[in-house]
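Given the sequences, and given the hints that come with them, work out the whole structure.
Those protein sequences? They're chains C and P, same order as listed. The numbering used here puts the first residue of the first sequence at 1, with every later residue one more than the last. The numbering used here puts the first residue of the second sequence at 1, with every later residue one more than the last.
Be aware that a few hints might be false.
Copies of one chain are not kept apart here, so a pair can be met inside one copy or by any two copies together.
Claimed, not checked - Computed cross-link-like contacts, EDC-like style, restricted to lysine to aspartate or glutamate with a CA-CA straight-line distance of at most 20 Å:
id	residue 1	residue 2
1	K152	D105
2	K152	D112
3	K152	D16
4	K152	E20
5	K31	E141
6	K31	D5
7	K31	E2
To be clear, the hints were calculated from the coordinates, so they are not data collected in a lab. Every value quoted in this text rests on a predicted model; they were computed, and no experiment measured them.
Protein chains: 2
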Amino acid sequence: MEEADFMRRAIALSCDGVAEGGGPFGAVVVKDGVVVGEGRNAVVPGRDPTAHAEVVAIRAACARLGTHDLSGAVIYTSCEPCPMCLGAVWWARIAEIVYGNDRADAAAIGFDDAAIYQEVCLPIPARTLPLRRLMAAEAFEGFRRWQARPDKVPY
Amino acid sequence: MEEADFMRRAIALSCDGVAEGGGPFGAVVVKDGVVVGEGRNAVVPGRDPTAHAEVVAIRAACARLGTHDLSGAVIYTSCEPCPMCLGAVWWARIAEIVYGNDRADAAAIGFDDAAIYQEVCLPIPARTLPLRRLMAAEAFEGFRRWQARPDKVPY
Numbered sequence: 001m002e003e004a005d006f007m008r009r010a011i012a013l014s015c016d017g018v019a020e021g022g023g024p025f026g027a028v029v030v031k032d033g034v035v036v037g038e039g040r041n042a043v044v045p046g047r048d049p050t051a052h053a054e055v056v057a058i059r060a061a062c063a064r065l066g067t068h069d070l071s072g073a074v075i076y077t078s079c080e081p082c083p084m085c086l087g088a089v090w091w092a093r094i095a096e097i098v099y100g101n102d103r104a105d106a107a108a109i110g111f112d113d114a115a116i117y118q119e120v121c122l123p124i125p126a127r128t129l130p131l132r133r134l135m136a137a138e139a140f141e142g143f144r145r146w147q148a149r150p151d152k153v154p155y
Numbered sequence: 001m002e003e004a005d006f007m008r009r010a011i012a013l014s015c016d017g018v019a020e021g022g023g024p025f026g027a028v029v030v031k032d033g034v035v036v037g038e039g040r041n042a043v044v045p046g047r048d049p050t051a052h053a054e055v056v057a058i059r060a061a062c063a064r065l066g067t068h069d070l071s072g073a074v075i076y077t078s079c080e081p082c083p084m085c086l087g088a089v090w091w092a093r094i095a096e097i098v099y100g101n102d103r104a105d106a107a108a109i110g111f112d113d114a115a116i117y118q119e120v121c122l123p124i125p126a127r128t129l130p131l132r133r134l135m136a137a138e139a140f141e142g143f144r145r146w147q148a149r150p151d152k153v154p155y
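Following this line, the structure appears as structure tokens:
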């Protein structure tokens with residue numbers, strides 16, 4: 001399979017997403033030239049706001065490969081990842097993102113991707129979605145335990 | 001239960017995360033004064049890079065309530081959400097985020113939150129994680145089908 005085939009598969013998955021009552025988004029994770037995970041948007045049919053195509057594809061790839069680390073993989077997605085999905089790609093250590101539609105295309109058909117990109121870059125006091133800090137001293141206990149654990153696995 | 005109790009529970013979950021080999025992060029989703037979803041970081045033990053406390057808590061709340069829409073809920077999290085989790089909170093329509101540690105605290109113990117915040121705000125050509133556009137005209141097919149579907153459910 002070539003690169004165009006991977007993108008064609010992601011696009012086909014985006015059409016499946018619509019057919020199933022989800023959003024028009026599809027993605028495949030490719031490692032060593034092989035598709036190791038596929039995903040289509042299932043927010044509404046799956047009743048899961050995190051079930052974006054990229055997140056679903058990454059979770060499928062990790063389940064298949066038995067690791068949280070997809071270093072060296074490439075994700076082909078029918079649309080530029082939203083900040084949630086960009087974060088998921090980052091944490092999965094995926095090496096490259098190849099996308100079709102972009103955030104402006106997504107905004108034009110009613111999705112919030114561009115708005116979330118604006119939001120995430122604002123300082124907290126300027127945000128639309130309010131954030132408030134509480135009990136910071138107590139909350140540090142988990143971090144203390146993490147630091148003290150000799151066999152911790154960073155990710 | 002009061003607000004401090006919700007945060008105490010999120011902090012306890014962050015300690016559970018460490019005990020189980022995950023990262024030091026915990027979260028609870030509260031709706032109408034009741035905890036409807038809990039999560040602790042399970043990236044390493046669950047072999048899932050998306051298994052951050054907030055994502056796990058949101059998925060649990062949605063599974064319990066049978067909806068992708070958590071409008072009116074509040075999330076209490078032991079640490080400021082990373083961009084992935086902030087995106088998940090946004091898409092879930094959660095009304096407010098209450099957090100303990102912040103992204104600088106997380107960076108100080110080796111987590112990438114601050115780096116991802118920098119990355120997500122950069123224009124694509126300036127990114128560390130490369131993005132490349134491919135087959136945009138073909139990729140629009142899913143969007144066309146979405147727009148044409150009379151019974152689509154926006155989210």
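So, going through the hints one by one against the coordinates:
In this homomeric assembly, K152 and D105 come within 20 Å of each other (Cα to Cα) only across copies, at 17 Å, whereas the closest approach inside a single copy is 42 Å. Proximity of K152 and D112 under a CA criterion of 20 Å is satisfied inter-copy only: 16 Å between copies versus 37 Å inside one chain copy. For the identical chains of this complex, K152 and D16 are inter-copy neighbours only, at 13 Å across copies versus 40 Å inside a copy, given an alpha-carbon limit of 20 Å. In the homo-oligomer, the alpha carbons of K152 and E20 lie at most 20 Å apart only across protomers (10 Å), although the nearest pairing inside one protomer, at 41 Å, exceeds that limit.
Proximity of K31 and E141 under a CA criterion of 20 Å is satisfied in neither setting, with 38 Å inside one chain copy and 26 Å between copies. With identical chains, the CA atoms of K31 and D5 are at most 20 Å apart within one copy only, with a shortest distance of 14 Å there and 44 Å across copies. Taking CA atoms no more than 20 Å apart as the test, K31 paired with E2 passes inside one copy only; the shortest distance there is 12 Å, against 47 Å between copies.
The structure shown violates just one earlier hint, number 5.
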